[in-house]
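Protein chains: 2
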Amino acid sequence: MNMANWQTLIHEQLEKDRAQATSLLQEWVQSPSVQGEERSIQESIASRLAEMGLAVDLWVMEGEELLAHPYFVSPRTVFDSSPNVVGVWKGQGGGRSMVLNGHVDVVPAGDRAQWSDDPFSGKVVDGKLYGRGATDMKGGNLSSLLAIQVLQKLGVQLKGDVIFQSVVEEESGGAGTLATILRGYKADAALIPEPTNMKIFPKQQGSMWFRLTVKGRSAHGGTRYEGVSAIEKSLLVVQAVGKLEKERNDRLDDPLYEKLPIPIPINIGVIEGGKWPSSVADLVKLEGRMGVAPGEQMEDAKAEMEAALKQLVEIDPWFAEQPVELEWYGARWVPGAVAEDHPLMEILHNQFTAVTGSRAVVEASPWGTDGGLLTALADTPAIVVGPGVTQVAHYPNEYIELNDVFRCAEIFALTLIEWCGVEEESK
Amino acid sequence: MNMANWQTLIHEQLEKDRAQATSLLQEWVQSPSVQGEERSIQESIASRLAEMGLAVDLWVMEGEELLAHPYFVSPRTVFDSSPNVVGVWKGQGGGRSMVLNGHVDVVPAGDRAQWSDDPFSGKVVDGKLYGRGATDMKGGNLSSLLAIQVLQKLGVQLKGDVIFQSVVEEESGGAGTLATILRGYKADAALIPEPTNMKIFPKQQGSMWFRLTVKGRSAHGGTRYEGVSAIEKSLLVVQAVGKLEKERNDRLDDPLYEKLPIPIPINIGVIEGGKWPSSVADLVKLEGRMGVAPGEQMEDAKAEMEAALKQLVEIDPWFAEQPVELEWYGARWVPGAVAEDHPLMEILHNQFTAVTGSRAVVEASPWGTDGGLLTALADTPAIVVGPGVTQVAHYPNEYIELNDVFRCAEIFALTLIEWCGVEEESK
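So the protein lines, in turn, are chains L and C.
So that you can map any letter, position 88 of the first sequence is 88 in full-length UniProt numbering, and since no number is skipped, the others follow by simple counting.
So that you can map any letter, position 238 of the second sequence is 238 in full-length UniProt numbering, and since no number is skipped, the others follow by simple counting.
If we strip away everything but chain L, and leave its shape as in the complex, we get (with noise of 0.2 Å):
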């Protein structure tokens, strides 16, 4: 059968599932598996993939060797309430493997006020599915699962495994899916359906927290030539970090990045210091994200950051008795990148033009996913793309064009069928 007949049949079927895949998300989006309440959603999702016929594993994440892993990053350390759930779908043997990862941990709704509607709704108004989490990224997790079930229904045998991951963790920077690559999966590639208004990210940017403490010293301020503003410092540190922002872009010369005006951004987000008006301020608290590129390593990024701040005696001595401290604290993503002639690319290409009829946009991400950890960890390169809309992300109001779930999950079934191949009598 040619790969025209394959996409009419599970277009067709996809048409057919509709009604009960949509009821299917609104379950998701309205079980609000914010961090540390994901059981519930996982204990479904468990199920679902066992009926389905997966060996799935279901497991709370622990132990030393996740805890003390140089990736490992979270706010906690005991998961109870947050397993991992993995489906396997053995494939027949002689294909190539694919990892279908997604996170099902969602950033909290925020202001209520903000939101039209309950944050947990699932209300789908206009063919759009509302909801914290329908965008990122329940919905391109119903992408996947749709892939195999339509395989499925269609009698479809793959040659190659097709592992279903549903993570926790990732908002947080990833300790869902290292403990699964902990655990031992991996596969010859990975799809990740982050929302990326359908676009294909073959490199995504990886970043890290920082923190800054610059220091004063305090004297009263009707005499604050006798002390040393810890505030005007700052100033002097938050250039001195604008300057490292530009020498790092200024060097990238990916095309993928030409479109960004800062393909990798160090932003300082927070600052914070002194505490009585008429005082100079002996301390500030700067912190911020920096960007890490696709194939850079966290170590060098992390080198350069140090340098910058010790070139700052260059610029003012007080540096010299007064060095800022430098702290990486918090959340962290590992920068991802596949080559753009990987042969998984060539196939999403094609069947995301048989699909949608136009050619897809390729971008590097300007964020991080779990796919930097695949990639570099695993062994697994990973391609994000997926249906969600990226602006919606984190925000009031989030939601998710139905559409483009179902044409997902179309792309996707058919890339598997060109990646992991199909047994000669299920054709």
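Treat the hints loosely; a few may be bogus.
Identical copies look the same in the list; a pair holds intra-copy or inter-copy alike.
The calculated SDA-like cross-link candidates involving lysine to any residue, where the alpha carbons are at most 20 Å apart (straight line), are [stated by the list, open to error]:
id, residue 1, residue 2
1, K123, Q20
2, K275, T213
3, K275, E401
4, K199, G242
5, K285, T213
6, K275, A113
7, K16, D188
8, K285, D316
9, K285, A331
10, K215, Q239
11, K128, L236
12, K275, R211
13, K153, Q92
14, K285, L236
15, K275, K285
16, K199, I262
17, K302, L326
18, K275, A331
19, K246, T223
20, K275, D111
21, K159, A331
22, K199, T223
Hints listed in this document are in silico derivations from the structure and should not be mistaken for laboratory results.
Knowing the structure of chain L, use the given hints to seat chain C on it.
For chain C alone, kept in the frame of chain L given last:
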């Protein structure tokens, strides 16, 4: 009797009273009269003034006239636990009157760990009396009280009235002294023994607190170019305020300010903005203190700040869209200025030289005092000079040199004789 004879008598009497006076200062320091806790010391001072035969007025300030007064500044509006005290030593008539003003409120002791001893110990070691308030300004208040007492003991009858004022709320902007003025107390001149290291401050810097709100526009840190960083905009605001400070100080030509690097500083003491390292900060709050020159109208200083912030649009059009918000809040001290050829200056100089053997240093204070209110509102020219140690005011291990307390008392007593005049029979 000539002044030299008076000096001998006064000096000898003060020596006799030294032990008792030192105990009294210990008692005062041991009464921790932080804001809201001044009743105990004020009642004890009122009793003492009554025993000395002064007409005593102890009252709790209140009422619309005070609370709605343009110079009223306080974090509170109810002062039940903080009465004011005034004692009038009525003169025989025909002489100039004098206010001796001092505050009993002390700033909090702060971190106990930074004190070598109990912050309210009143302990005397090597001629220094230790404790919060010893220098700022109970030691000075004792000098004033002793000046009256020693004259009484010597049987002196002054022609002019001496008005001893023991006020609250100086540390919060002067509501206590404002209340004495509204109650009708005024005089031909005033002395305020704030901690000046016995320097004479005919002029005092005023100050006002302000709050600036700088706006940005939020965005994800990975696409920070889609937002506008309120932190980056704040740098421009801090620079604009610095430029204004320079302009204001460059045009000051008062020789009293010659030795000060920045006579009327604008101090930005607090910065706070942004909530998340990987988000673009959409709001930054800056809080500071603007120095006001002696002789300058506070409204003029405010207008200059306003104008400087308006000029920001010339540097960055963003400020046309989102102007910086300016708010005057919290504490405020009116500047004060007495001409250097004021007759009280000459008397003070002469008595200072007579008592200490050297010429007094004349400067302008880098901070506000209640003198500004007395000069501006009560037509009572106020000069600030006192025995406290400027450097330890508001600091841990605050102390005062007892010798200076008694020298100041001697100078004040002699000054009262010259300023208020003495009845012939008492000579």
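Results for each hint:
no.: 1; hint: K123 with Q20; verdict: within (15 Å within a copy, 83 Å between copies)
no.: 2; hint: K275 with T213; verdict: both (15 Å within a copy, 16 Å between copies)
no.: 3; hint: K275 with E401; verdict: neither (48 Å within a copy, 31 Å between copies)
no.: 4; hint: K199 with G242; verdict: neither (29 Å within a copy, 47 Å between copies)
no.: 5; hint: K285 with T213; verdict: both (5 Å within a copy, 19 Å between copies)
no.: 6; hint: K275 with A113; verdict: between (32 Å within a copy, 19 Å between copies)
no.: 7; hint: K16 with D188; verdict: neither (31 Å within a copy, 98 Å between copies)
no.: 8; hint: K285 with D316; verdict: within (19 Å within a copy, 26 Å between copies)
no.: 9; hint: K285 with A331; verdict: within (17 Å within a copy, 26 Å between copies)
no.: 10; hint: K215 with Q239; verdict: both (16 Å within a copy, 19 Å between copies)
no.: 11; hint: K128 with L236; verdict: neither (47 Å within a copy, 43 Å between copies)
no.: 12; hint: K275 with R211; verdict: both (19 Å within a copy, 13 Å between copies)
no.: 13; hint: K153 with Q92; verdict: within (17 Å within a copy, 114 Å between copies)
no.: 14; hint: K285 with L236; verdict: both (13 Å within a copy, 19 Å between copies)
no.: 15; hint: K275 with K285; verdict: both (12 Å within a copy, 12 Å between copies)
no.: 16; hint: K199 with I262; verdict: within (19 Å within a copy, 58 Å between copies)
no.: 17; hint: K302 with L326; verdict: within (10 Å within a copy, 39 Å between copies)
no.: 18; hint: K275 with A331; verdict: between (28 Å within a copy, 15 Å between copies)
no.: 19; hint: K246 with T223; verdict: between (37 Å within a copy, 14 Å between copies)
no.: 20; hint: K275 with D111; verdict: between (29 Å within a copy, 14 Å between copies)
no.: 21; hint: K159 with A331; verdict: neither (38 Å within a copy, 77 Å between copies)
no.: 22; hint: K199 with T223; verdict: between (58 Å within a copy, 16 Å between copies)
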